[in-house]
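Take these sequences, add in the hints, and give me the full structure.
Going down the list, the protein sequences come from chains A and B.
Mapping of the first sequence onto the numbering used here: residues 1 to 638, in sequence order.
Mapping of the second sequence onto the numbering used here: residues 1 to 257, in sequence order.
Treat the hints as calculated values from the structure; they're not laboratory data.
Wrong hints could be hidden among the right ones.
Unchecked claim - In silico contact screen, one side only, chain A against chain B (beta carbon under 8 Å); selected entries:
hint, residue
1, Asp56
2, Thr283
3, Asn512
To be verified - From chain B, some residues computed to sit far from chain A (all C-beta separations above 10 Å):
hint, residue
4, Gln97
5, Lys159
6, Asn225
7, His229
8, Lys241
Cβ atoms here follow ideal geometry from the backbone N, Cα and C, with glycine treated the same way.
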Amino acid sequence: MATVLDSKVPSGPLGEKWEKHKFESKLVNPANRRKFSVIVVGTGLAGASAAATLGDMGYKVKAFCFQDSPRRAHSIAAQGGINAAKNYRNDGDSIYRLFYDTIKGGDYRAREANVHRLAQVSVNIIDQCVAQGVPFAREYGGLLDNRSFGGAQVSRTFYARGQTGQQLLLGAYSALARQIHLKNVEMHTRSEMLDLVVVNGKARGIITRDLTTGKVERHAADAVLLCTGGYGNVFFLSTNAQGCNVTATWRAHRKGAFMANPCYTQIHPTCIPVHGEDQSKLTLMSESLRNDGRVWVPKKAGDKRRPEDIPEEERDYFLERKYPAFGNLVPRDIASRNAKEVCDEGRGVGEGQAVYMDFSHAIKRVGENVIRDRYGNLFDMYAKITAENPYKTPMQIYPAVHYTMGGLWVDYNLQSTIPGLFVLGEANFSDHGANRLGASALMQGLADGYFVIPYTLGNYLGGTKLDPVDANAPEFAAAENDVNERVNKLLSVKGNKTPLQFHKELGKIMWNECGMARNKAGLEKALKAIPALRDEFWNTVKVSGEAGEFNQQLERAGRVADFLEFGELFAKDALIREESCGGHFREEHQTEEGEAKRDDENFAHVAAYEWTGKNGEQTRHVEQLVFENVKLTQRSYK
Amino acid sequence: MGSVIANGHSKMLNLTLQVWRQKNANTKGRMEEYKLKGVSTDMSFLEMLDMLNEQLIKEGKDPVAFDHDCREGICGMCGAVVNGYAHGPDEATTLCQTHMRSFSDGETITIEPWRAKAFPVIKDLAVDRTSFERIIESGGYVSIGTGGAPDGNAIPIPKESADKAMDAAQCIGCGACVAACPNASAMLFVSAKVSHLANLPQGQVERRDRVSNMVRAMDELGFGNCTNHGECEAVCPKEIKMENIALLNREYFKALV
Chain A
1 MATVLDSKVP SGPLGEKWEK HKFESKLVNP ANRRKFSVIV VGTGLAGASA AATLGDMGYK
61 VKAFCFQDSP RRAHSIAAQG GINAAKNYRN DGDSIYRLFY DTIKGGDYRA REANVHRLAQ
121 VSVNIIDQCV AQGVPFAREY GGLLDNRSFG GAQVSRTFYA RGQTGQQLLL GAYSALARQI
181 HLKNVEMHTR SEMLDLVVVN GKARGIITRD LTTGKVERHA ADAVLLCTGG YGNVFFLSTN
241 AQGCNVTATW RAHRKGAFMA NPCYTQIHPT CIPVHGEDQS KLTLMSESLR NDGRVWVPKK
301 AGDKRRPEDI PEEERDYFLE RKYPAFGNLV PRDIASRNAK EVCDEGRGVG EGQAVYMDFS
361 HAIKRVGENV IRDRYGNLFD MYAKITAENP YKTPMQIYPA VHYTMGGLWV DYNLQSTIPG
421 LFVLGEANFS DHGANRLGAS ALMQGLADGY FVIPYTLGNY LGGTKLDPVD ANAPEFAAAE
481 NDVNERVNKL LSVKGNKTPL QFHKELGKIM WNECGMARNK AGLEKALKAI PALRDEFWNT
541 VKVSGEAGEF NQQLERAGRV ADFLEFGELF AKDALIREES CGGHFREEHQ TEEGEAKRDD
601 ENFAHVAAYE WTGKNGEQTR HVEQLVFENV KLTQRSYK
Chain B
1 MGSVIANGHS KMLNLTLQVW RQKNANTKGR MEEYKLKGVS TDMSFLEMLD MLNEQLIKEG
61 KDPVAFDHDC REGICGMCGA VVNGYAHGPD EATTLCQTHM RSFSDGETIT IEPWRAKAFP
121 VIKDLAVDRT SFERIIESGG YVSIGTGGAP DGNAIPIPKE SADKAMDAAQ CIGCGACVAA
181 CPNASAMLFV SAKVSHLANL PQGQVERRDR VSNMVRAMDE LGFGNCTNHG ECEAVCPKEI
241 KMENIALLNR EYFKALV
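As structure tokens, then:
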């Protein structure tokens, strides 16, 4: 039976909701905090900031990551920057404008109150990071520098060269390291969560596998925080790290947490194009490059001349032509779709699936040294991968899977449908609607971890009757047993196809049928192909090695098995959402000019799926989105 | 999907690989030889290892364990000593960003793990770098909690200092400096963090304690000392400079007096 979900958004005017909610929230007094234990899974921006902050407050924290150090979580790879409504540039920015840009950028599919809170705390994030010693870019006068990002007409993006994610994560990691040293946080590296343990309807622990020894372990706590990132690797090729996976959130979903808007995927417009069958990942070229790079293709289809031989009048700067107000800085979904469109017209360059991003005009204007100062490390990375010099020849770029706006459903408190299970950062669905603006992922991860969860978790722990729990409870034994059975099952198939082969095949189905443009026939095809591939997986997968050892094949096999279940729900959600919005483009629903056409009457809601346990069937629930402050309009960046 | 990015220089290589195989920390390892055919010069080094592993699995053999994650040169998870060089032959490049166009057809490539007392082998090419964690935990931070920070523009920082701090802060903690050093010293790693924070006003309050604590942790964990070989700087994928070690020494002596 489908229900209507309660977002628990506080009443009152938009700008006062968070203040009011903080005041009305229960508190746990400092002396009592050490009586509560909290598990944090994942140590990216959301997880590291949450674990460090909660440890500092006095909670007993256990943190987990599958990498060999918390500093290696994939937030480290974010390049361009982090947004904050500081209005240091005096160019018209404000908390309300950041809120408005984010809601509009998300194509009116995000929750107003969450987004406004995000914009409010954005200013504190910059202060916090500066105090930690994050070396943000500075101007000659010593003050913080800013740049522009897509979907905004103000400069509100703070950055540390092209390694902003790295520096912010190292800041959060250093705070976490301090708490580990003080013994407020117990850190478990090379440790992967394989199940959630629910006792009396509340999240009370997790089952992990020690990736070095293969030992399966139980961990009990009073609350569990999932900060485990997105599921872009369901496409196999994406800008995500190799280890990024859906397992933690999918296992929680199977234990009762609803999965929201799984079809909302961001395809980033500026990545290095695909180069062959053995490629293992796609590399992003930061959106910040669109500040100085001009995107173009030849006007004529099939024009094979070198870019420098094509005269200005025979080039089509298609983003500047179609969107004069925002030009090359339109939001990501629009930039991506337009790149696909010109390539589909036969005007793609290189091998056909690429467009140029040209810096020659900027180099002429400000000189090569200034461009090197702004983007040097990105240009070097491009040159290493492609063996081309982007200072001399335009970059070739093409869209690639980058970020997932969907994730576990959470209410205003970041709590999932399982009491005591909180979900932070990319792993939840809450703030970006159907399309995320550039430089907003870092903002959300740190907002959730530093400034939201300390209040909402306290409210839960202070206001909930929690029975004592220990890892000997039968629910833990049952969950551990399930994990062991699954591991043994993967090893016992002894077929002839590797986990990597299955992952690649799933990725092809997802990219072809659920990628940048989707239609009914393709999605129905995917809904047949994915379960068939899943059956084949469980009958023919070959996983080498043993359970009780360092076994990377086994790790991948478990993750692919979960992607094979998740991918089906993804396609199903995309099929049911009979509209286009943000990154979800249904070919059947577009304006005459080819832009995404929403159906606000029928789809201004969040779709959240419940695992029923029967043959993987899912019940679709709805959270109606209420817009009290912004007017829903056709997005225009012209 | 065609070959590369329009440069049209893609070639195929046949290679002989000499790979370090070691079941776990308690068993003895050895080099083993594998032949790999049809390796595209557009592949990254780790994609070449993926290809080797797919071949080994098909042959019923144990695939080679190696650490890796982001594959874009920033997470610091990957690394191996290739033909005697940490992270392989290319300057300022992690192993994941090294491409097979840096090798030639018919070449024999040796691949070994980082070798240092403080980095025991877990399996094959994967090593345990938790000693780096202990060093950072001993003092690689500014001791502040969350909240209560002054406005980000309250402390102006000269661009030159911010840039210097950033140059040092780029360290990815991969451990190549230790692997390349004849003394297995972690001085470049430690100095990068000390230098990052010493160059900023935020790092001043704990400046003396930080350097003392981090150097003590480094010594206790079994890393050697710096005797100015410069191998660390030569292999560092992020081009962290040895002048940071000079700064570390100055800071350390200042903290002693």
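- Closer than 8 Å between Cβ atoms is the bar; does A:Asp56 clear it against chain B? Give me holds or violated. holds (4 Å)
- Decide, holds or violated, for the assertion that all CB atoms of chain A are farther than 10 Å from the CB of B:Lys241. holds (16 Å)
- chain A versus B:Asn225 - minimum CB to CB distance exceeding 10 Å, so not interface: Label holds. Min Cβ-Cβ 24 Å, cutoff 10 Å.
- Task: Examine each Cβ of chain A, and state whether all of them lie more than 10 Å from the Cβ of B:Gln97.
- Result: violated (5 Å)
- Message: At 10 Å, judged by beta carbons, does B:Lys159 keep clear of chain A as stated?
- Response: violated (5 Å)
- Query: Is the Cβ of B:His229 farther than 10 Å from every Cβ of chain A?
  - Reply: The assertion about B:His229 holds, with a minimum of 26 Å to chain A.
- Grab the minimum C-beta distance from A:Thr283 to chain B and call the hint holds if it beats 8 Å, violated otherwise. holds (5 Å)
- Taking the least C-beta to C-beta distance, is A:Asn512 closer than 8 Å to chain B? violated (12 Å)
Of the numbered hints given earlier, the model fails hints 3, 4 and 5; all others are met.
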